[in-house]
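Student: Listed below, chain by chain, are the residues.
4 protein chains.
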Amino acid sequence: MIRFDSDYMEGAHPAVLERLVSANRVQTPGYGEDEFCAEAAGLIREKCAAPEAAVHFLVGGTQTNRTVIASILRPHQGVVSADTGHIAVHETGAVENAGHKVLTVSGTDGKLPADALEALCRAHRADPNFEHMPQPGMVYISNPTEIGTVYTRAELSALHEVCRRYAMPLYIDGARLGCALVSEVCDYTLAEMARLCDVFSIGGTKLGLLFGEAVVIMAPALQKDFRYLIKQNGGMLAKGRLLGLQFGALLSDGLYERIARHEVELALRLRDGLRAKGWDFLVESPTNQQFPILPDELLDALAPDFGFSRWQDMGGGMTAVRFCTGWAADEEQVDALLAAIPARG
Amino acid sequence: MIRFDSDYMEGAHPAVLERLVSANRVQTPGYGEDEFCAEAAGLIREKCAAPEAAVHFLVGGTQTNRTVIASILRPHQGVVSADTGHIAVHETGAVENAGHKVLTVSGTDGKLPADALEALCRAHRADPNFEHMPQPGMVYISNPTEIGTVYTRAELSALHEVCRRYAMPLYIDGARLGCALVSEVCDYTLAEMARLCDVFSIGGTKLGLLFGEAVVIMAPALQKDFRYLIKQNGGMLAKGRLLGLQFGALLSDGLYERIARHEVELALRLRDGLRAKGWDFLVESPTNQQFPILPDELLDALAPDFGFSRWQDMGGGMTAVRFCTGWAADEEQVDALLAAIPARG
Amino acid sequence: MIRFDSDYMEGAHPAVLERLVSANRVQTPGYGEDEFCAEAAGLIREKCAAPEAAVHFLVGGTQTNRTVIASILRPHQGVVSADTGHIAVHETGAVENAGHKVLTVSGTDGKLPADALEALCRAHRADPNFEHMPQPGMVYISNPTEIGTVYTRAELSALHEVCRRYAMPLYIDGARLGCALVSEVCDYTLAEMARLCDVFSIGGTKLGLLFGEAVVIMAPALQKDFRYLIKQNGGMLAKGRLLGLQFGALLSDGLYERIARHEVELALRLRDGLRAKGWDFLVESPTNQQFPILPDELLDALAPDFGFSRWQDMGGGMTAVRFCTGWAADEEQVDALLAAIPARG
Amino acid sequence: MIRFDSDYMEGAHPAVLERLVSANRVQTPGYGEDEFCAEAAGLIREKCAAPEAAVHFLVGGTQTNRTVIASILRPHQGVVSADTGHIAVHETGAVENAGHKVLTVSGTDGKLPADALEALCRAHRADPNFEHMPQPGMVYISNPTEIGTVYTRAELSALHEVCRRYAMPLYIDGARLGCALVSEVCDYTLAEMARLCDVFSIGGTKLGLLFGEAVVIMAPALQKDFRYLIKQNGGMLAKGRLLGLQFGALLSDGLYERIARHEVELALRLRDGLRAKGWDFLVESPTNQQFPILPDELLDALAPDFGFSRWQDMGGGMTAVRFCTGWAADEEQVDALLAAIPARG
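So the protein lines, in turn, are chains A, B, C and D.
Per this note's numbering, the first sequence starts with residue 37, numbered consecutively.
Per this note's numbering, the second sequence starts with residue 37, numbered consecutively.
Per this note's numbering, the third sequence starts with residue 37, numbered consecutively.
Per this note's numbering, the fourth sequence starts with residue 37, numbered consecutively.
Source of the hints: derived by calculation from the structure; they are not laboratory data.
All copies of an identical chain are treated as equivalent in the list; a pair is satisfied when it fits inside any one copy or across any two copies.
The list that follows gives simulated cross-link-like pairs (lysine to any residue, SDA-like), each with its CA atoms no further than 25 angstroms apart:
hint: 1; residue 1: 260; residue 2: 159
hint: 2; residue 1: 313; residue 2: 377
hint: 3; residue 1: 260; residue 2: 196
hint: 4; residue 1: 83; residue 2: 54
hint: 5; residue 1: 83; residue 2: 259
hint: 6; residue 1: 260; residue 2: 161
hint: 7; residue 1: 260; residue 2: 202
hint: 8; residue 1: 260; residue 2: 155
hint: 9; residue 1: 83; residue 2: 196
hint: 10; residue 1: 260; residue 2: 166
hint: 11; residue 1: 260; residue 2: 165
hint: 12; residue 1: 260; residue 2: 158
hint: 13; residue 1: 260; residue 2: 200
hint: 14; residue 1: 260; residue 2: 203
hint: 15; residue 1: 260; residue 2: 197
All chains, full assembly: derive it from the sequences and hints.
Tutor: Structure below.
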């Protein structure tokens, strides 16, 4: 069976694993206060051209979102998100458990439109009962989004502008950030993106690490005491070095970009192959998640040999499914999948 | 420099690392629903002679305590703990952040005395204002405790009995459980201990894993929906297989016991050596943490060459410090430390 | 100026005030453990034909909803509500602040449809990622709803049935319950409604009290320790007697029904008058809130002399507004308002 | 039976009740945005000589403490309190339910000593594991304390100084503030006290109101968005006017001081009478709570005729009890109690 269910089906990229193995016996202080973490943080600050940024390493994505959001909001504030946002849908209410409402806005291809954000903020301020409703306190977007789409510079700038106007920090969940940055849609660098938000994460789990999310806090006012919040939210790894070692490997020799490019190229190979066979897609995704709409009968036939996620029932016996390519996927696997899917009748 | 600061200064035991490396390319489903986790859970159930127990794998200790406690308590309930309990002192108020008061009882050598627990419960019920105070809702102990001491079977039975009488689940934090089980003080097996509580954890981080805590839920009524709570509290690892693989290795071929024995033997070698030199200890610890009381001057002299934690100022220029031995420590390191500490004048 | 903004513009019905004044000097124990509360609770149990129901008195509505919901749910559970539900819209995220997501369902005229509820529950169970989403744990409805509509017996029975099937308690927010019970739409008694849910409230603030909400817990399993939760959520009034005294007055001599009937009759007088003049309504409301759609120009002209709430911009220079009649409103006021509104051109 | 159990055994002072009755029919906007509240807030600002202070009205004390503390702290911060502080003991863990640890310090006669506060803060900063512990984020004191004692100006200044140095807001719970201000110990005015803290409350419940606590926020940085927090914590009364009316009456014509003086005078009459008979006290209280230590046998004999609270078992068949005098107590009642207590044998 070949699994395209997600990009976290295997362990780590060999270069990452090698780094972990080679440093296994080295003694370091715990809780992320070791040189490996310091070095990796330095690499990130350099890549972001942000010498004053605070960089922290956490274990997982839900944990990261929860910790960042809890760190920023006061109790009466909510976090604005597209209705398809990961925090709105797939984190078992972690944000609510931390006390905050997720204020959802209808998204466009998974993205939060700046004008919809502005409308929500304006409406809140204009409402005579505004104090009876959670106050929009920060904004969450993911880039790429949960359905693989990528923000353009113009879109980010517009969001950034609204956030400035309403004094709301903008947080970008970069669980698969590398795939956005190498995509054909992306017209900005990491350093440029960093300037268009207040906090963002660089996810490792889906780009070749065993696990790990780096949090980059650009806004000085939001940097205070963040380590307390990591600890309180259960994200402070005793052997924190594991995160420094892995991110250190990922950010050396262009490995991060290479893995991202590899994942995206394979996904586009799949996209182009399916398109050539006449199949439609739920959304135009330029990254490592593809959402073709296929007949249920065909999906049942594929299921014993290929792993994928059923995403959305499209009616008429058709379902949009997700195929996802990770660091360990290869052309043979993609071609085997393509070979198993006939041209549209 | 040789570090005895803690038992999480290095990576993983080679047998554990080897297991991770060898399975690196294998594809599995995410979030702990893979065969490696199933297999490791089976090994734990077997070791506990508890075929009906629910077993889950989480990443870290604070996360585990928070998740277990949040899963059990209603909002008005608190968790009873010795005043030295990890949840009471060193988790940045994670339990309070989850909404619950830690009701502390003065401990004896780090242990929660059953009669003090009973007194607290009786007092709560007898108080005319009982509804104005948090209700004791469950009990937390660590075994070994934060200062290395180990509960006897009689002590556990007595706690278990009080918990039964007041309908409070008993939770044992086993961050270093192996060290308790192999200690000279321990007069019960893991399976016997499992029967004297409702939930317990088996910590991996301090016994040779990169990270990982297994939660064993003995009480059927407490097993419901636990995975939701893991996810909500940020403990559900995408590549959950990493936990199954590591615990699978740890629980095979007696590795867990071997590591525990190794850690304890080295600690006792240190203890006996220091005692022979005339030094006193903060507490009589039969496990891998030792707390000798040494002159500040000597500690300053040791500091450039040896890592340790200053635990408690004892006055008169003396400080109790913690030396901790992990899986990677060896006799040469201990002997080097002993050689550097003169006999008491 | 005559205010129809809401039904809490004045103090208390004279009979209620009289009761407070007459008992002012009587000494009683605090915190709702006095005879006045016991007596009022008895009256409620009698009216509900529910001798085993637990009855508690709280101060306000948001507080009541928050306390009831916090008392029932485990941390990973959410409360299902119509998207217009008070807890979803107008309580500053109090439910989220207590840790729980409000799972909204698109309502019909403010009511939660049983089939939509069932679909949500079925979808949750069927989702392969169900543990990554909050679990529907209880159901909230208001009766009458926030826009004045009233559930029929068939609708309540259908909701009750779905709740039973999915083991979710059903909670009815009765902030204006009396107005529902006396409405032409209502085909059940209070006692019959009580049997179709697990918990409900009887609001006093909007039916002639200074303040006060009675919570009636029908389900024995949900009665445990509720007073702890009242105290924790800041709802335990030191002079709890004030609630007992007021509810005692309200539930004597049919005062509750008389006030409800008075409020509804005046509202229907207004409705019928406006309808006769050709105006349309946002929704067909049989209770004391009416939502006519009027020209903005007219509203501006009315504003100096009459209080009302602008509810929804209907486009084309028209706005749906709310007129609300409280215990102190009278026919002269309604007729003055009617006289000020011309027939539709 | 004559009750000295507490100072909330009766309704409201006649002047307060009269005000409520007289304005009963007046129409006002809801939620505290009426002229009565504005007027009362103005009186308070005047009394505090603090034209820039923000003044809000809430219903009860636990609610007030919870709301103020939730408004100020970030999630990783705790509130420092004497171990006898109301938030530490008698609010069913409301502060923990809002996510924060109460960091207790051993008090002196119920008061928080400035040097102990400083020691706690210094120790936190000096601890190498400080991020693993809740950060002291604000300070809570009550004045008078839970056992009737009153801070001196020197004590308040010292606390204020430590708070400034560690950037922690100081909050004074003034549930019985009037009794402190009129006491013989008090060497400052309300306006002077206001300058020595950042937030304080003026309790009405125990000084002649039906209910009500005024919150005065002196520090501009803490004033933002407080009404959202009142609503979220269930403290925003629909008929908020009730609070404005009551506080308006209380703060007119010196009523507040008169009631306070009345309560304290009666308590001191009791104190002096008991002392003359040879009885000792748990603590030297200059306010309206007195804690004589009396024989259990005598207490049993008194119980059918007099209400009081058993406070602390002193051993040897003696118990410290609390007698509390409210606005409605009178000399005859006190003298009846004194007559029933014999001189010490």
